[in-house]
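J.: Counting from 1, position 222 in the sequence shown corresponds to residue 264 in the numbering used here; the numbering is continuous, with no gaps.
Calculated lysine to any residue pairs in the SDA-like style (CA-CA distance at most 25 Å, straight line):
hint : residue 1 : residue 2
1    : 353       : 342
2    : 72        : 141
3    : 181       : 153
4    : 356       : 217
5    : 221       : 243
6    : 128       : 205
7    : 357       : 272
8    : 72        : 97
9    : 357       : 215
10   : 221       : 206
11   : 181       : 49
12   : 356       : 278
13   : 362       : 316
14   : 288       : 277
15   : 288       : 123
16   : 128       : 272
Simulated restraints, written as ranges between beta carbons of each label pair:
hint : residue 1 : residue 2 : range
17   : 140       : 307       : 19 to 25 Å
18   : 59        : 327       : 45 to 51 Å
19   : 181       : 329       : 36 to 42 Å
20   : 299       : 86        : 43 to 49 Å
21   : 302       : 357       : 36 to 42 Å
22   : 346       : 134       : 28 to 34 Å
23   : 136       : 275       : 20 to 26 Å
24   : 83        : 357       : 47 to 53 Å
25   : 143       : 369       : 36 to 42 Å
Since the hints were made in silico from the structure, they are not lab data.
Every residue gets a Cβ at the ideal spot worked out from N, C-alpha and C, and that includes glycine.
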Amino acid sequence: TTITGLILVGLIIDLGGAPNHHRLGFQYWKNPGVFAGAGLEPNNITLDRFLGFLSVIVQAAFSFQGMEIVAIAASETENPRQNIAKAVRRVFYRICIFYILSIFITGLVVPYNDPSLLQFTGTAAQSPYVIAMTRAGIKVLPGIINAGVMTSAFSAANSFLFCSSRILYGLALRGQAPKIFTKCTSTGLPIVAIGFSSVFALLALMNISSGADTVFNWFVNLSTVGSFFGWASINLTYVFFYRGMKYQGIDRTRFHYWNRFQPWLSLWGLTWCIIFILINGFYVFWDFNVFIFLTCYINIPLFLTLYVSWKVVKKTQIWKPNEMVFVM
43 TTITGLILVG LIIDLGGAPN HHRLGFQYWK NPGVFAGAGL EPNNITLDRF LGFLSVIVQA
103 AFSFQGMEIV AIAASETENP RQNIAKAVRR VFYRICIFYI LSIFITGLVV PYNDPSLLQF
163 TGTAAQSPYV IAMTRAGIKV LPGIINAGVM TSAFSAANSF LFCSSRILYG LALRGQAPKI
223 FTKCTSTGLP IVAIGFSSVF ALLALMNISS GADTVFNWFV NLSTVGSFFG WASINLTYVF
283 FYRGMKYQGI DRTRFHYWNR FQPWLSLWGL TWCIIFILIN GFYVFWDFNV FIFLTCYINI
343 PLFLTLYVSW KVVKKTQIWK PNEMVFVM
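Hey, can you work out the whole structure from these sequences and the hints?
T.: Encoded structure:
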């Protein structure tokens with residue numbers, strides 16, 4: 043609801059319906075332009091703008107985290123075979139409308155070089171929509187948006203708390219995490235996993251002060267690159283899943299949800315995840331900073347170490363297509 047309202051208000055401002063009656067159109071796409079430079083190659087504007095585009099991929103991916111919650115919630119969903127398939131389809135359209143369209147509108151109503159975008163306020167005043175409303179002479183809505191952002195943040199925190207605690211609980215059941223996380227209340231609530239996951243929510247308080255937000259951004263980089271590894275693993279897992287079904291002659295069209303472009307879509311997603319993992323911190327090589335370098339790339343050796351260690355200690359093997367067992 044909040045995003046829908048912001049999109050509509052942004053359109054009204056862009057078309058001149060705000061109190062100042064100034065029609066913006068696409069003027070900010072001409073001056074200062076569509077793409078902001080990264081400030082790394084001042085002598086080559088085209089290259090610098092391309093690097094600027096690459097540098098925001100991590101921040102953009104951070105906003106997309108959580109789409110996989112649809113599948114994680116399957117264990118709590120009634121009739122998951124049908125309802126999860128419906129939810130997955132809706133996620134695609136919601137991304138197109140609420141994410142891509144809102145970014146498009148943002149680029150119309152606020153230039154990328156607006157000084158208010160870089161001011162640390164601790165509120166929603168840095169939001170491009172709030173800036174656009176302030177410039178257009180709208181005085182009431184920014185406060186309402188601040189409340190809406192708080193509500194949305196609380197909802198997102200709820201979802202991620204559910205997601206993280208359930209994953210931790212599932213890992214403990216499989217013997218891949220300490221058994222203490224399997225402890226539940228009489229109603230089946232994994233109380234230890236929830237309590238442990240809740241502790242990490244306190245890290246968000248680091249963003250209150252203007253100095254600690256740098257450390258907070260390090261955690262954003264770590265979690266975002268971790269998501270790339272998660273998405274890459276999901277895509278790779280599906281490729282093996284697809285191979286097993288094809289080998290055993292299972293018709294995918296029998297499922298409630300299937301895509302005729304698989305496994306090519308999974309391979310496409312896997313390829314881009316690997317690329318993003320490798321380039322997410324490329325800018326550090328222009329002005330090297332050891333802390334930024336570690337937050338951008340520490341996940342690579344960490345992921346590989348955990349994977350190889352598990353294979354060596356547990357002596358597990360990759361299942362061949364003929365060894366897979368499918369429960370229909």
